[in-house]
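**Student:** The primary structure of each chain is shown beneath.
Number of protein chains: 2
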Amino acid sequence: MKILFTSVGRRVELLQAFRAAAEKLDIALTVMGADITKSAPALFFCDERRLVCKIQEKEYIPQLLSICEKEKVDCLIPTIDTDLLLLAENKEKFEAIGTKVLISAVDKIKLCRDKNYTADYFVSLGLKSPLPVNSVEKYEEALKRGKVSFPAFIKPKDGSSSINAYKVENLEDLRLYAEKIEDYIIQPFISGREYTIDIFCDYEGNPVYITPRERLAVRSGEVLKSRITQDDTMIAEMRRLIADYRPCGQITVQLIREDVTGDDYYIEINPRFGGGAPLSMKAGADSASAILRMLRGDKLSYIERAAIDGAIYSRYDQSVRVK
Amino acid sequence: MKILFTSVGRRVELLQAFRAAAEKLDIALTVMGADITKSAPALFFCDERRLVCKIQEKEYIPQLLSICEKEKVDCLIPTIDTDLLLLAENKEKFEAIGTKVLISAVDKIKLCRDKNYTADYFVSLGLKSPLPVNSVEKYEEALKRGKVSFPAFIKPKDGSSSINAYKVENLEDLRLYAEKIEDYIIQPFISGREYTIDIFCDYEGNPVYITPRERLAVRSGEVLKSRITQDDTMIAEMRRLIADYRPCGQITVQLIREDVTGDDYYIEINPRFGGGAPLSMKAGADSASAILRMLRGDKLSYIERAAIDGAIYSRYDQSVRVK
Chain E
1 MKILFTSVGR
11 RVELLQAFRA
21 AAEKLDIALT
31 VMGADITKSA
41 PALFFCDERR
51 LVCKIQEKEY
61 IPQLLSICEK
71 EKVDCLIPTI
81 DTDLLLLAEN
91 KEKFEAIGTK
101 VLISAVDKIK
111 LCRDKNYTAD
121 YFVSLGLKSP
131 LPVNSVEKYE
141 EALKRGKVSF
151 PAFIKPKDGS
161 SSINAYKVEN
171 LEDLRLYAEK
181 IEDYIIQPFI
191 SGREYTIDIF
201 CDYEGNPVYI
211 TPRERLAVRS
221 GEVLKSRITQ
231 DDTMIAEMRR
241 LIADYRPCGQ
251 ITVQLIREDV
261 TGDDYYIEIN
271 PRFGGGAPLS
281 MKAGADSASA
291 ILRMLRGDKL
301 SYIERAAIDG
311 AIYSRYDQSV
321 RVK
Chain P
324 MKILFTSVGR
334 RVELLQAFRA
344 AAEKLDIALT
354 VMGADITKSA
364 PALFFCDERR
374 LVCKIQEKEY
384 IPQLLSICEK
394 EKVDCLIPTI
404 DTDLLLLAEN
414 KEKFEAIGTK
424 VLISAVDKIK
434 LCRDKNYTAD
444 YFVSLGLKSP
454 LPVNSVEKYE
464 EALKRGKVSF
474 PAFIKPKDGS
484 SSINAYKVEN
494 LEDLRLYAEK
504 IEDYIIQPFI
514 SGREYTIDIF
524 CDYEGNPVYI
534 TPRERLAVRS
544 GEVLKSRITQ
554 DDTMIAEMRR
564 LIADYRPCGQ
574 ITVQLIREDV
584 TGDDYYIEIN
594 PRFGGGAPLS
604 MKAGADSASA
614 ILRMLRGDKL
624 SYIERAAIDG
634 AIYSRYDQSV
644 RVK
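Going down the list, the protein sequences come from chains E and P.
Position one of the first sequence corresponds to residue 1 (this note's numbering), numbered consecutively onward.
Position one of the second sequence corresponds to residue 324 (this note's numbering), numbered consecutively onward.
Watch out, some of these pointers could steer you wrong.
[Stated by the list, open to error] For lysine to aspartate or glutamate, the following EDC-like pairs were computed, each having C-alpha atoms within a straight-line distance of at most 20 angstroms:
hint: 1; chain 1: P; residue 1: 490; chain 2: E; residue 2: 179
hint: 2; chain 1: E; residue 1: 180; chain 2: P; residue 2: 495
hint: 3; chain 1: E; residue 1: 72; chain 2: E; residue 2: 57
hint: 4; chain 1: P; residue 1: 646; chain 2: E; residue 2: 231
hint: 5; chain 1: E; residue 1: 167; chain 2: P; residue 2: 496
hint: 6; chain 1: P; residue 1: 361; chain 2: E; residue 2: 309
hint: 7; chain 1: E; residue 1: 38; chain 2: P; residue 2: 418
Hints were generated in silico from the structure; no laboratory data involved.
If we strip away everything but chain E, and leave its shape as in the complex, we get (with noise of 0.2 angstroms):
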């Protein structure tokens, strides 16, 4: 069985998953890595490495459709946000070489890039999201009619991993770094505990794990400290989600559950493997498993609470030589 991460970048903590996922399941697994450059460090864990243009260049499909046609990849895993609307768009291009790609459907992809979408998308499910508004006068026209308030938290329309994401407590803090923002979006700021639910769903859609974490400690946007959460509130939520999303694979859910009230606010929807998931997978939601299991015709069925409940993972780093 041949599996080709795309972008694979610093992913080695997910690469081993599914080593060790196939060595419990006997299954001879090759793992092949696609990179821009040959000194990212988990091609240095693939049994294959492949180097590949920018996903920009129009050469990028192309080339990924002959490394899967040629080495005859099964199973093609993206990581990385920009890749994905791309790779939904090509589906079916893959899949009539014989190469499965976990991604979800185009328009469900689209509205997970942009954070206007999103949020009207959980709404739209009946769950609660920090509305935005993509202008400074607008909030400062929902601050007059007493619609929000400050904090507010300003972030790029598209952006990932809190990148350029800032809370201000003021409008004239707000202006500032509207201005240095290009394309961003304002939200009232929710004080609350923050949760990543690691959902992962069969190729149809259907769901096997779900999967929440609360974030204990985070540097740069990535959660270096987590804690499983089997929450009732949570699961029940993301089967709502789930039911019409429809996710191919693995995507991430992050929120907010507000202190005051208790009510959960979703921000935003990855539709890939979070950083992250790897803890849930050792715990016990071992979506490499499945999906090797999956891709040898197992038929999946949901598993309830399938992570321990409770069980902190904590991160740290390691090292490898590139050159």
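Since chain E is already given, all that's left is putting chain P on it; use the hints.
**Tutor:** Leaving out everything else, chain P in the frame of chain E:
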């Protein structure tokens, strides 16, 4: 042989370097780790774990002394900035019970904590440093006299890991950030490549390893990708620093080599193992091995260019269950 690492936190790779060195030297090493929380990931890689109170509490040093005395610890190695001054001030108490502490002299530690002093210190050694001022008014004056320009860099006088460090382009932004940071310094922004120099000296302050590394990629002030760069100028500059500073054990120096002039502007000294120190050790400047040899009584000598010139190391995340 027993080594105690204080505030061991996420320093897994550092511990691993000591284990690997002990194995090669055929030394039976007990790795002990202390932290305030039992969920510190590195504790799970120690042979012995000790929970201690916060550094600020007055029981901290007595607790460490008690551990060292009871366990006959050969050497204590600090890892975070807030530990350093206290340990330097109490070094003799540890030595009195037979525990070496890898910490430089009190006056040398002090000049690292306050970046107003650090710059003066570099200049006193004939090295360049972007001279700091500690008020917006002073920077404004210097601007008027044509002594400085924008961009400028504003950061806490005793900060670390680029927390609250900002590059600003004009006086308006400078004033804004100045309001946000208590006890800041403002320096002219130096445009150039960033380097870290890992220095290891014996217990008497004689140099053993000097390893410049270029910082190729950084996340939250910690290096993600680094290239060993055996640069004669930097090494000569560091020999000048070492002759006066007399580091005890490992220190880390940060600098920027200015693009236009090629001059080295020294920014800070961290008189402890830097986060990226294991990279230089893996490349051949193996401070862990040197410490173990020193502790067993070997006389160390200076090894020129011990690390592989041009080697690039890249970091990635791993996780461990801590509860």
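**Student:** Each hint should be assessed against the structure and marked as holding or not.
**Tutor:** Taking the hints in turn, this is what the structure says about them:
1. Under the criterion of a C-alpha separation no larger than 20 angstroms, the hint pairing residue 490/P with residue 179/E is consistent with the structure, at around 16 angstroms.
2. Under the criterion of a C-alpha separation no larger than 20 angstroms, the hint pairing residue 180/E with residue 495/P is consistent with the structure, at around 14 angstroms.
3. With a C-alpha separation of about 24 angstroms, the suggested pair residue 72/E and residue 57/E falls outside the 20 angstroms cut-off, and the hint is violated.
4. Taking the CA atoms of residue 646/P and residue 231/E, the gap is near 18 angstroms; set against the 20 angstroms cutoff, the hint holds.
5. Restraint check for residue 167/E and residue 496/P: satisfied, since their Cα atoms lie roughly 17 angstroms apart, inside the 20 angstroms limit.
6. With a C-alpha separation of about 19 angstroms, the suggested pair residue 361/P and residue 309/E falls inside the 20 angstroms cut-off, and the hint holds.
7. A distance of roughly 48 angstroms separates the Cα atoms of residue 38/E and residue 418/P; the hinted pair therefore is violated under the 20 angstroms criterion.
Checked against the numbered hints given earlier, this structure breaks hints 3, 7; the rest are met.
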